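Engineer: With UniProt numbering as the guide, the letters of the sequence shown map in order to residues 1 to 336.
Derived from the structure by calculation, the hints contain no laboratory data. The structure presented is a predicted model; accordingly, all values stated were derived computationally and were not measured. One or more of the hints may lead you astray.
[As the list claims (entries may be wrong)] DEER-style ranges, computed between Cβ atoms: (1) 107 with 65: 30 to 38 Å; (2) 195 with 302: 30 to 38 Å; (3) 210 with 302: 38 to 46 Å; (4) 213 with 189: 26 to 34 Å; (5) 315 with 222: 20 to 28 Å; (6) 277 with 122: 46 to 54 Å; (7) 83 with 325: 29 to 37 Å; (8) 69 with 104: 12 to 20 Å; (9) 83 with 222: 48 to 56 Å; (10) 265 with 211: 37 to 45 Å; (11) 329 with 69: 45 to 53 Å; (12) 295 with 74: 33 to 41 Å; (13) 65 with 291: 54 to 62 Å.
For every residue, glycine included, the Cβ atom is placed at its ideal position computed from N, Cα and C.
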Amino acid sequence: MRARTVVVSVACAALALVASGCSPSDGAEQEPGLTVVASTNVWGDVAAQVAGDLAQVTSIIDDPSVDPHSYEASARVELTISRADLVVVNGGGYDDFATQLVDALDTPPPVVDAVEVSGLADDGDAEDEHAEDEHADDEHADGEHAGDEHADDEHAGDGHAHGELNEHVWYDLPTVQAVARDIADALGRVAPEHAEAFARNADDFAARVGELEQSAAQVAAEHAGTGVVVTEPVPLYLVEAAGLVDRTPAAFSSSIEQEVDVPPAAMDEALELVASRDVALLVYNEQTTGPQTDQVLQAARDAGLPVVDVTETLPEGEDYVSWMAGNLDALAEALA
1 MRARTVVVSV
11 ACAALALVAS
21 GCSPSDGAEQ
31 EPGLTVVAST
41 NVWGDVAAQV
51 AGDLAQVTSI
61 IDDPSVDPHS
71 YEASARVELT
81 ISRADLVVVN
91 GGGYDDFATQ
101 LVDALDTPPP
111 VVDAVEVSGL
121 ADDGDAEDEH
131 AEDEHADDEH
141 ADGEHAGDEH
151 ADDEHAGDGH
161 AHGELNEHVW
171 YDLPTVQAVA
181 RDIADALGRV
191 APEHAEAFAR
201 NADDFAARVG
211 ELEQSAAQVA
221 AEHAGTGVVV
231 TEPVPLYLVE
241 AAGLVDRTPA
251 AFSSSIEQEV
261 DVPPAAMDEA
271 LELVASRDVA
281 LLVYNEQTTG
291 PQTDQVLQAA
301 RDAGLPVVDV
311 TETLPEGEDY
321 VSWMAGNLDA
331 LAEALA
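Please take these sequences and the hints and turn them into a complete structure.
Structural biologist: This is how it looks when you write it as structure tokens:
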């Protein structure tokens, strides 16, 4: 079973105030008149890149020990959201606390929902009719991996239950670009006098994310089809953008996601993949750890298999682009 150090009592937890300073020319001499609240510091950073100095951005979760799935909002968080001019959420069940707080308001602020913007939930629903019966049983863990089939699907991953949504859409670069532009549109409607500045900031940010896409394409050009194991599906969109094939047993990934014990057959298969070096590297989520993921990590180290560490939240001192650039650099170095 996976284990997180989850902070359940958040009544005294301080909110993270992100000082957004992307464009000094866009109101650097003014006090920010707008307030944006984001569920996590990842989306908080994206919002800050778009807002520049024209808004104060508050990230509710910026602590890697806090799990958005089980976060319990304090009265302070409720008040902060109620006063927001815009709320940015991940959606897809990842941060339901935020959408529930917005829905409970008599006059809710506008919301940018990253999963809705991505359109990936619609893709998952369309596939789910075919996937539910075929992959419901644990015996799938003993079967073929169908890695080649998934390599051809931009957003599919063998390790994430087939047909189900991988809600970690901040690792999907086109989605992040689209969310930035939606944030700009939403802020432009709230403050039309600054609409051009928001749109310009979003375009500048999207261009920087476009450079990340080029980096991912370069990795794909050199390593397309290379198999990897991922301890949790968090980074799969980026892994796939780099042309890599997730060969993690589906039952392993779904068990880690659901916080239940991995079936023995799937555990054995994952261990064999890394111990035999039948894959090129292990992608290890540092924020989702437990005895079984640690066992896979140790097997990889014992075998001399390269390990690439990833996180769910934005590391301290990083912005979104530098964070993702570091992840891509780590993949490229591990594959070299």
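Engineer: Give a verdict on every hint.
Structural biologist: Here's how the hints hold up against the structure:
Distance hint for residue 107 and residue 65: a CB-CB separation of about 34 Å, consistent with the stated range 30 to 38 Å. For residue 195 and residue 302, the hinted distance range of 30 to 38 Å is not satisfied, since their beta carbons lie about 56 Å from each other. As the Cβ distance of residue 210 to residue 302 is approximately 39 Å, the hint placing it in 38 to 46 Å holds. Checked against the hint of 26 to 34 Å, the C-beta distance between residue 213 and residue 189 comes to roughly 28 Å, which is consistent with it.
Checking the proposed 20 to 28 Å range against residue 315 and residue 222 shows it holds: the Cβ atoms sit about 26 Å from each other. Between residue 277 and residue 122 the C-beta distance comes to about 38 Å, which lies outside the given range of 46 to 54 Å. For residue 83 paired with residue 325, a C-beta distance near 34 Å keeps the hint of 29 to 37 Å intact. For residue 69 paired with residue 104, a C-beta distance near 19 Å keeps the hint of 12 to 20 Å intact.
Taking the beta carbon of each, residue 83 and residue 222 are about 49 Å apart, inside 48 to 56 Å as hinted. For residue 265 and residue 211, the hinted distance range of 37 to 45 Å is satisfied, since their beta carbons lie about 42 Å from each other. Against the hinted window of 45 to 53 Å, the Cβ-Cβ separation of residue 329 and residue 69 comes to about 29 Å, which falls outside the hint. Here the CB-CB span from residue 295 to residue 74 is close to 36 Å, well matched to the stated 33 to 41 Å.
Separated by about 18 Å at the C-beta atoms, residue 65 and residue 291 break the suggested range of 54 to 62 Å.
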